[in-house]
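*Asks:* Now for the letters of each chain:
Number of protein chains: 2
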Amino acid sequence: MRRIKLTLSYDGTDFKGWQVQPGLPTIQGFLEEAFLEIEEAPVHVSGSGRTDAGVHALAQVAAVSINNPIPTRNLKKALNRILPFDIRVIDVEEVPAGFHPRFDATSKTYEYRVHRGEVCPPFERRYLHHHPYPMDEKKFVDAARQFEGEFDFSSFAASDDRDAEKRSKVRRIFSSEAVLRGERLIYRVTGSGFLKHMVRNSVGTLLEVGKGNVDCDRLAWLLTAPPAVKAGPTAPANGLFLIEVHYGSSGPEATDRSAVPTADA
Amino acid sequence: MRRIKLTLSYDGTDFKGWQVQPGLPTIQGFLEEAFLEIEEAPVHVSGSGRTDAGVHALAQVAAVSINNPIPTRNLKKALNRILPFDIRVIDVEEVPAGFHPRFDATSKTYEYRVHRGEVCPPFERRYLHHHPYPMDEKKFVDAARQFEGEFDFSSFAASDDRDAEKRSKVRRIFSSEAVLRGERLIYRVTGSGFLKHMVRNSVGTLLEVGKGNVDCDRLAWLLTAPPAVKAGPTAPANGLFLIEVHYGSSGPEATDRSAVPTADA
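Residue numbers (the working numbering), protein chains in the order written: chain B, 10 to 274; chain E, 10 to 274.
In short, the hints are calculated from the structure, not lab data. Among the clues, some could well be false.
Note: identical chains are not told apart, hence a pair may lie in one copy or across any two.
[Unchecked claim] Calculated cross-link-like contacts (lysine to any residue; reagent style SDA-like; alpha-carbon spacing at most 25 Å):
id, residue 1, residue 2
1, Lys86, Glu133
2, Lys220, Tyr142
3, Lys25, Cys129
4, Lys148, Leu228
5, Lys25, Met10
6, Lys25, Glu133
7, Lys148, Glu127
8, Lys148, Gly38
9, Lys148, Lys239
10, Lys205, Gln30
11, Lys86, Pro141
12, Lys25, Arg134
Quick caveat: nothing in here was measured; it's all calculated off a predicted structure.
Work out the full structure, taking the sequences as your base and the hints as a guide.
*Replies:* Right under this line is the structure:
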């Protein structure tokens, strides 16, 4: 068997998230169907993690084990011929048999984009959370740094997280930064791992900070609060991009090479 | 009656073009429905020109006459509340009663975007013509200037142009330029007016020049050829944007302020 690492870019708008669900369009589902055609046998595609319905990826990482001897360059072409245009394979690489996209990942970077202008550009409506309401963006930007460090993020996990009692909710955030660029409020976070809805609940909380409904002390308290306390609200999925998954030596500082769609001509 | 000038931005992907067609989604159709709701009477919306199915606009110009005394700022909000998210009103202005968006226009600027990379980014697939095939982009860029001047563009008009025999096909092109920016070949043209499919047939012809199937002499000949000769092929609609419509003193040199979606972070 050959172990193949895939780097994927997708527009999550029209998918029900990463994970296979019978009869529903999912990223993993389309990939497994494409490999069924190439390998002529069922193949399991592992991802670095699930993305929710509507969440996008600039460089999601997945892996498969196949017998087909097809060269990686041709495999990339074959996959892009079979897959829908909103899922693209941007890189295919042969890796050691033990590679696992989730367990081997050392950190991940997400980006969330808020459009502050009165009118949301139609060409980017799928990739922006349009939030034109009064807010002090400086408060959002300043508070973003408070997420840096190691915290129990229980209060920022989805309420329906079924593993709630079982696994540790402690995650390390290496960097958490927001900038205001014109009418765009861009939030970028790199961490050891993320709980379900964690980035969207962080952004939802930062928007509350911007609106003056949550202050620095309250945010600090939420980062140490018991699991029963829920931060948020959950910001919409469409503003969120998985930007990069880091492995071993490729540290989180290498993230800026990624190209995110933007309206700046 | 008040005369209202509208500036519109739209993602043409899911529309059957500008012009009203009963039972089909069109830009003009959605605008007239929105005004029916606001004015409580049928309203005719005039455009600066039709855009084909799938063609986008950054700043299309239209006009309506209404009795409703609603302030322009509120009218903009009301329209954007009613219209689908892929049509946005970016400006509303009260103008003299005689204003006509088509007859008063002095020139128009279009842009066409070709993606030369192997993989088309999923976030821009609606706004790019993906054409990764071997080509000398320099030939495309050099030949683009040949369109500048006054020509009878009969050979570049759609074959089904029903007015073919009636109206003059002479148009003046003020500037016609292409640039290669990374994996993007961007063509921008400003002219006194454009025939149906004229920009798409120009781009289709320039792609043939790039591929070595048409040379400079042949292109020069096409620009003076009898109507029975057809240039082209017609490049796909999705790469085309109406960038700006110019009126009176706002000359074609003012076009670069427009923001087109791009993948450059």
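*Asks:* If a hint holds in the structure, say so; if it does not, say that too.
*Replies:* Hint check results:
1. Lys86 with Glu133: Only across copies: Lys86 and Glu133 sit 19 Å apart there, 27 Å inside one copy, limit 25 Å.
2. Lys220 with Tyr142: Within. Shortest intra-copy distance 9 Å satisfies the 25 Å Cα cut-off; inter-copy 51 Å does not.
3. Lys25 with Cys129: Both, since 24 Å and 22 Å are each at most 25 Å.
4. Lys148 with Leu228: Within. Shortest intra-copy distance 12 Å satisfies the 25 Å Cα cut-off; inter-copy 58 Å does not.
5. Lys25 with Met10: neither (30 Å within a copy, 49 Å between copies)
6. Lys25 with Glu133: Answer is both: 20 Å inside a copy and 20 Å across each meet the 25 Å cutoff.
7. Lys148 with Glu127: Within one copy, since 20 Å is at most 25 Å while 42 Å is not.
8. Lys148 with Gly38: Classified as neither: same-chain Cα gap 41 Å, cross-chain 43 Å, threshold 25 Å.
9. Lys148 with Lys239: Intra 21 Å, inter 60 Å, cutoff 25 Å: intra-copy only.
10. Lys205 with Gln30: within (17 Å within a copy, 46 Å between copies)
11. Lys86 with Pro141: Close across copies (12 Å), not inside one copy (41 Å); limit 25 Å.
12. Lys25 with Arg134: The answer is both: 18 Å in one copy and 20 Å across copies each meet 25 Å.
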